[in-house]
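Could you put together the complete structure from these sequences and hints?
Sequences listed follow chains R and C, in order. For reference, each letter of the first sequence is one residue, going 1 to 177 in this note's numbering. For reference, each letter of the second sequence is one residue, going 1 to 442 in this note's numbering.
I should point out that these hints are in silico values taken from the structure, not numbers from a laboratory. All figures in this text were calculated on a predicted structure; none of them were measured in a lab. One or more hints might be untrue.
Said to hold, decoys possible - Now the stretches of chain C that chain R is said to cover, found in silico as 3 or more residues with beta-carbon under 8 Å:
#, stretch
1, 164 to 175
2, 213 to 219
3, 234 to 242
4, 287 to 296
5, 341 to 349
Stated by the list, open to error - So the derived list for chain R, only partly shown, Cβ under 10 Å to chain C, looks like this:
#, residue
6, D80
7, I123
8, S148
9, S151
Glycine residues also receive a C-beta, built at the ideal position from the N, C-alpha and C atoms.
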Amino acid sequence: MDLNKLLKAMLVALPIMAISACSSTSESETDAMGSTNGSGSELNGGIQTGGVGAMLSSEEQQRQQLEELRKEHIIYFDFDRSEVQTEFAAVLEAHGTYLVEHPSVRVLIEGHADERGTPEYNIALGERRAKAVAKYLQGMGVQPSQMSVVSYGEEKPLDFSRTDEGFGKNRRAVLVY
Amino acid sequence: MKILAKWLALAVLLCATPAKAALDIVITEGVDAARPIAVMPFVWQGPGAPPQAIADVVMSDLARSGTFKPLDELGLPQRNIGALAQFQPSSWSSVGAEAVVLGTVKPYGTDQYLVSFDLIDLVKAQNQALKGSVSATEFLMDSRQTVISAAQFRQYGHRISDIVYEKLTGIRGAFLTRISYVVVNHTQKAPYQLMVADYDGFNEQMLLRSPEPLMSPTWSPDGRRLAYVSFENKKAEIFVQDLYTQVRTKVSSFPGINGAPAFSPDGKSLAVTLSKDGQPEIYVIDIATKAIKRITNHYAIDTEPSWYPDGKSLIFTSERGGRPQIYRVELSSGKVSRETFEGEWNLGGSITPDGRSMIFVNRTNGKFNIARMDLNTRFMQVLTSTRLDESPSVAPNGTMVIYGTTHQGKQVLAAVSTDGRFKARLPVGQGEVKSPSWSPFL
Chain R
1 MDLNKLLKAM LVALPIMAIS ACSSTSESET DAMGSTNGSG SELNGGIQTG GVGAMLSSEE
61 QQRQQLEELR KEHIIYFDFD RSEVQTEFAA VLEAHGTYLV EHPSVRVLIE GHADERGTPE
121 YNIALGERRA KAVAKYLQGM GVQPSQMSVV SYGEEKPLDF SRTDEGFGKN RRAVLVY
Chain C
1 MKILAKWLAL AVLLCATPAK AALDIVITEG VDAARPIAVM PFVWQGPGAP PQAIADVVMS
61 DLARSGTFKP LDELGLPQRN IGALAQFQPS SWSSVGAEAV VLGTVKPYGT DQYLVSFDLI
121 DLVKAQNQAL KGSVSATEFL MDSRQTVISA AQFRQYGHRI SDIVYEKLTG IRGAFLTRIS
181 YVVVNHTQKA PYQLMVADYD GFNEQMLLRS PEPLMSPTWS PDGRRLAYVS FENKKAEIFV
241 QDLYTQVRTK VSSFPGINGA PAFSPDGKSL AVTLSKDGQP EIYVIDIATK AIKRITNHYA
301 IDTEPSWYPD GKSLIFTSER GGRPQIYRVE LSSGKVSRET FEGEWNLGGS ITPDGRSMIF
361 VNRTNGKFNI ARMDLNTRFM QVLTSTRLDE SPSVAPNGTM VIYGTTHQGK QVLAAVSTDG
421 RFKARLPVGQ GEVKSPSWSP FL
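Structure (structure tokens):
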């Protein structure tokens with residue numbers, strides 16, 4: 001219990017520390033800019049400066065990867081199943097990390113089904129899928145108050161072909177920010 | 001080929017009527033098994049052009065019932081007769097039909113018409129003609145007169161069909177009924193529309209249009225209100241809408257699923273699916289007081305409640321056995337029993353008005369079709385062979401089922417007789433059509 005509290009406190013504290021670190025960096029940059037401006041005459045003297053991109057720390061690299069992963073916001077399911085497949089663990093981890101770091105951000109999880117079965121059964125199935133995703137994120141520390149769930153069943157298909165491939169695209173949960 | 005020509009002729013007649021159906025019915029199976037009947041064009045006894053052809057309505061009603069096959073009028077022995085007095089039994093001796101419908105229409109004041117019709121028992125008339133003693137009153141099965149306005153022609157045509165159908169089969173006709181359904185047209189800003197039309201697709205009216213899904217319309221027992229699910233507030237909510245006053249009442253808006261509404265036989269309650277307590281469960285909501293009563297309690301999905309005609313039990317779809325199957329729950333005791341065992345899945349069930357069978361969606365070898373099970377013998381029969389069948393709704397006289405299916409990649413409505421012998425499709429022009437619900441007798 002105490003450990004849990006400590007973890008939560010760290011989750012809040014870490015981003016704050018990160019923000020303060022950022023602001024101090026930007027201050028020093030302003031200072032540097034000021035000094036560059038002061039030596040403007042040197043530029044007029046025909047001298048040009050070049051630069052390279054900053055080395056990314058491993059944390060920054062990870063952040064970029066997560067951002068890239070968060071662009072993917074659809075989780076697909078097997079027929080009549082609502083378990084989250086392992087192949088979507090990375091995508092959900094990216095969303096989970098982001099939501100944990102931004103407790104004020106809310107996400108709507110839409111559950112969908114393919115067109116097989118009856119519309120009302122598919123509403124129930126879609127809700128179970130959306131809830132499976134919510135439970136997964138909650139397991140990562142996302143607060144239940146950040147998430148809401150709606151099932152559209154088979155009412156909003158992505159693919160209208162009614163082929164096996166199309167059905168596969170329609171059996172999904174969608175994270176909407 | 002001859003049959004095809006007849007149907008083409010009928011199609012031409014249908015197209016010629018002024019109020020074109022939004023849903024043209026294509027009969028796909030069962031015409032040959034139907035009983036021949038002669039419906040003669042009603043004789044116009046006024047000046048100028050006649051108003052709408054009322055006999056065409058009767059002809060197509062009887063053909064769509066799957067029970068009758070109207071004969072081509074060009075092959076009938078008499079023409080331009082509108083009453084029993086002009087009917088000559090001797091000239092009809094070789095006509096293979098069991099009955100003749102004939103009538104007249106004449107002006108009866110401003111925008112008023114007197115419509116008369118006679119229903120003749122042709123078999124009796126032919127027998128009497130053979131014996132040489134003809135007494136017209138003996139083979140006259142029915143004879144009626146009514147004054148109607150021009151706007152009531154189709155409606156009165158359905159009324160005549162009801163009378164003819166009931167006289168000849170002993171079963172009440174369901175031609176004066178309506179259907180509701182959802183049309184989805186993704187090319188439009190508000191793609192979801194809740195519609196009501198006559199049972200044959202004529203007089204289509206829009207009740208509601210929304211940018212978000214509309215689902216599961218269902219009729220109140222008095223035919224005055226519809227309950228349905230709307231996502232207009234980005235969540236599922238159940239509304240009841242009065243068809244005449246357009247007044248909408250929000251009945252259920254709990255967190256999670258608010259779905260699958262079904263009016264109790266007394267019209268006072270709705271059986272619904274709610275997931276507010278975790279899993280989807282069946283509840284009954286008192287429409288006036290909004291008081292709710294939980295009916296099922298299981299960690300698996302429970303949904304799609306439907307009432308027994310006596311209002312004492314519900315059937316519902318449940319996954320408690322691992323796969324969706326239909327169960328029955330007795331409302332007084334809460335006792336649950338499983339109803340279906342055949343096939344991989346059985347779901348979306350409803351009990352026929354006579355309480356003797358159940359109509360539902362069956363999945364066998366991965367195919368979804370409409371099936372019927374006799375509740376006494378437990379004999380199950382798959383009725384359809386169309387693709388991705390769902391949302392079956394039984395006509396109030398129990399003879400026909402309307403359901404949603406897929407044809408040429410589009411969602412369309414189709415109909416099948418409860419004995420599986422007659423099949424028809426109701427294609428549409430724009431968008432997808434789904435979730436049909438057949439009204440009670442109106």
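Okay, the hints, checked on the actual structure:
1. Counting residues of the stretch 164 to 175 of chain C whose beta-carbon sits less than 8 Å from any beta-carbon of chain R gives 0, not enough to reach three: the coverage restraint is violated.
2. Check on the stretch 213 to 219 of chain C: 3 of its residues sit with their Cβ under 8 Å from a Cβ of chain R, so the three-residue criterion for coverage holds.
3. Against chain R, the stretch 234 to 242 of chain C contributes 3 residues with a C-beta closer than 8 Å to a partner C-beta. That satisfies the three-residue criterion, and the hint holds.
4. For the stretch 287 to 296 of chain C, the proposed coverage by chain R is not satisfied: 0 residues have a C-beta within less than 8 Å of a C-beta in that chain, short of the threshold of three.
5. Taking a C-beta to C-beta cut-off of 8 Å, the stretch 341 to 349 of chain C contributes 3 residues in contact with chain R, enough for the three needed, and the coverage statement holds.
6. Of the supplied interface hints, the one on D80 (chain R) holds, with its beta-carbon coming within about 8 Å of a beta-carbon of chain C, less than 10 Å.
7. With 10 Å as the threshold, the beta carbon of I123 (chain R) comes within range of chain C, its nearest partner Cβ sitting at about 5 Å, so the hint holds.
8. Below 10 Å, beta-carbon pairs count as interface contacts, and S148 (chain R) has one with chain C at about 9 Å; its hint therefore holds.
9. Proximity of S151 (chain R) to chain C holds as hinted, the smallest CB-CB distance being about 6 Å (cut-off 10 Å).
In the structure shown, a violation is registered for the earlier hints numbered 1, 4, in ascending order.
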